[in-house]
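2 protein chains.
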Amino acid sequence: MTERIREFLRVRRERGIDEGPVLVVDLEVVRDNYTAFAKALPDTRVFYAVKANPAPEVLSLLAGLGSCFDTASVAEIEMALAAGATPDRISYGNTIKKERDIARAFALGIRLFAVDCKAEVEKIARVAPGSRVFCRILSDCVGAEWPLSRKFGCEPGMAVDVLEHGLKLGLEPYGVSFHVGSQQRNQHAWDRALASAAAVFRECGERGMNLSMVNLGGGFPTKYLKNVPTVKTYGNAIFKALRKHFGNRIPETIIEPGRGMVGNAGIIETEVVLVSKKSEEDDVRWVYLDIGKFGGLAETMDESIRYPIRTTRDGDAMTPCVLAGPTCDSADVLYEKTPYPLPVSLEIGDKLLIEGTGAYTTTYSAVAFNGFEPLKSYHI
Amino acid sequence: MTERIREFLRVRRERGIDEGPVLVVDLEVVRDNYTAFAKALPDTRVFYAVKANPAPEVLSLLAGLGSCFDTASVAEIEMALAAGATPDRISYGNTIKKERDIARAFALGIRLFAVDCKAEVEKIARVAPGSRVFCRILSDCVGAEWPLSRKFGCEPGMAVDVLEHGLKLGLEPYGVSFHVGSQQRNQHAWDRALASAAAVFRECGERGMNLSMVNLGGGFPTKYLKNVPTVKTYGNAIFKALRKHFGNRIPETIIEPGRGMVGNAGIIETEVVLVSKKSEEDDVRWVYLDIGKFGGLAETMDESIRYPIRTTRDGDAMTPCVLAGPTCDSADVLYEKTPYPLPVSLEIGDKLLIEGTGAYTTTYSAVAFNGFEPLKSYHI
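Line by line, the protein sequences are chains V and E. Quick note on numbering: the UniProt record's numbering labels position 117 of the first sequence as 117, and the sequence is numbered without any gaps. Quick note on numbering: the UniProt record's numbering labels position 214 of the second sequence as 214, and the sequence is numbered without any gaps.
Worth double-checking, as some hints may not be accurate.
Intra- or inter-copy, both count: the list cannot distinguish identical chains.
[Claimed, not checked] Simulated pairs of lysine to aspartate or glutamate, DMTMM-like, Cα-Cα distance not exceeding 25 Å:
no., residue 1, residue 2
1, K337, D302
2, K376, E78
3, K244, E203
4, K232, D302
5, K337, E303
By construction, these hints were calculated from the structure, which means they are not laboratory data. On a predicted model such as this, the values are computed, not experimentally measured, just so you know.
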């Protein structure tokens, strides 16, 4: 919680316009995060993962600070351009693209594309000739709180073939990317992935392709309930791993922080709609908020991300609570398997603050689920 | 698939405006479904669960046919009113309501509210005096493909206290509701819940409260891959259970079909964006569509709802596929634990039809996830 957000919420309350959940993001925190990344990895270019929070204010700020942008769709490319980024600072980082979207991106000036199979390379060769491609490889996600599936990337051995296919079709085999898993709390997770990346570099070299770049992906955590290492710690660990696997021929590197850039900059204010028990004997109380899984807190799926929650009654005795959203959907429960301790004095109408909600909230929220409006947000 | 939907999609394709996923709902099927419910349970009032599909065309059609409406929010109440329903045909069926929303509903003429605890009764007594309340009780959901959590309802024993509290505060204790679980494929599931409901009726009677109504909830399935009993079969089983537990004093009953009313009326047309393998040795192929978990198919969560998928290559040899959405989110995978068999001849650019998608799709879709637009829909 920052002083600027506290003040914003206070004024909102005074004006009586504090109904409904709201996300407030402090841009000063985003600025500090960018600076920390730039300092911790001085030779690495930062490609902000737009999907984490595509608010124009965030994009403009980062564009002004010199950030590049990792995008998932043509719409995100257009947003980055509108924020002032030049096309050479934008990567089309989604490995799953319609051919007409690749063509649109190419028309907008984009020349850097992610791939993980030959079919995708062929699309790019057809409609974005001469572009740079980097191949995403699979990596295990041990240590990540939001581990990734096998959805993106191919086995490192296949990556060499994929890149060679690009070369044959007139593309520039530019590098390798991987992702160690989102909210990765172990700074050494990059070591194993870099070993695989270095192997792809060697194998490509033997086939006459000199790759230039390693995309270190995202994964940088934001602080929820547990402490996380500092960005500097990550920077040091990554640099060591780069030296270990690439020796004195360290390639160009880029990172794609999303959560790590905006997560801790945001706070959601929500209201307690109901506190109840299922029977008089129950130990666990049910606390229903005016925001839930479909209103912006999708990352509570499988109770993966456990947000810190502040109340005005912190310090009072706590009891375990099941925390749920306001909709008529039974899946709209945030924490149940591991109940969340909240003050026993909590009352209907209380305002709660959900911290670390600057990333993956606004755009994850449903259009009009059960008639509830999508999450409002302010970037100050 | 109906002839009307087929024709609509054909014209769309001919005009070259078939980019992006689209839901098409055939209102004739909705009309048939309504008629089937009305016939199968002739003494039961139908309260359509607006959340399943709140399209104005669906609401107007049902209002015209004489349907009542179960709503989850003030916005849904307003939609039902706009569609031509009178307030006496609308129930505010969400047990989790802000007091100011109850007041708004009351101002709009709503007099029927769901509760499951004393605190909610107190809110209603304060701002919706004299209204009817029905108490939701917990019931197990054996046999349901989308079983409900304990989020809604209280133990039957507590329901009597909750209703009595309402009486003391000037409300009318009107009845009991339960929900046997969504996509409930066992028509006998209502039997046990009705036994609990009858017990609440008896206990209330002993305390001088004569309840009038049993809300049988929803749960009526739509046909996905497995066959489901007909609405008539459900009607017969429910009537038998009512006779068994209420004898010749069968109360007023209402049902709240959502999925059962609109599920089979809708088809989503989607495009294959990519077909790939993770390594040359893999048996399983990955098929990426232009719609995923965040674009309308939220009910594939935990692979709960398994939609029938038609291709233009049905009849060709099949291979198991992991099916995933188009976003950069690793959780955006539809079927992986149980891969989905699809034709081996499937190609990038093919159009697929996802059947049974008329319910819980459009409004579940995210605002702008990864820059992707929410699901478009047409109700014809």
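Structure-based check of each hint:
no. : hint         : in the structure
1   : K337 to D302 : both (9 Å within a copy, 16 Å between copies)
2   : K376 to E78  : both (22 Å within a copy, 21 Å between copies)
3   : K244 to E203 : within (17 Å within a copy, 75 Å between copies)
4   : K232 to D302 : neither (30 Å within a copy, 37 Å between copies)
5   : K337 to E303 : both (8 Å within a copy, 19 Å between copies)
Of the hints listed earlier, the one the structure fails to meet is number 4.
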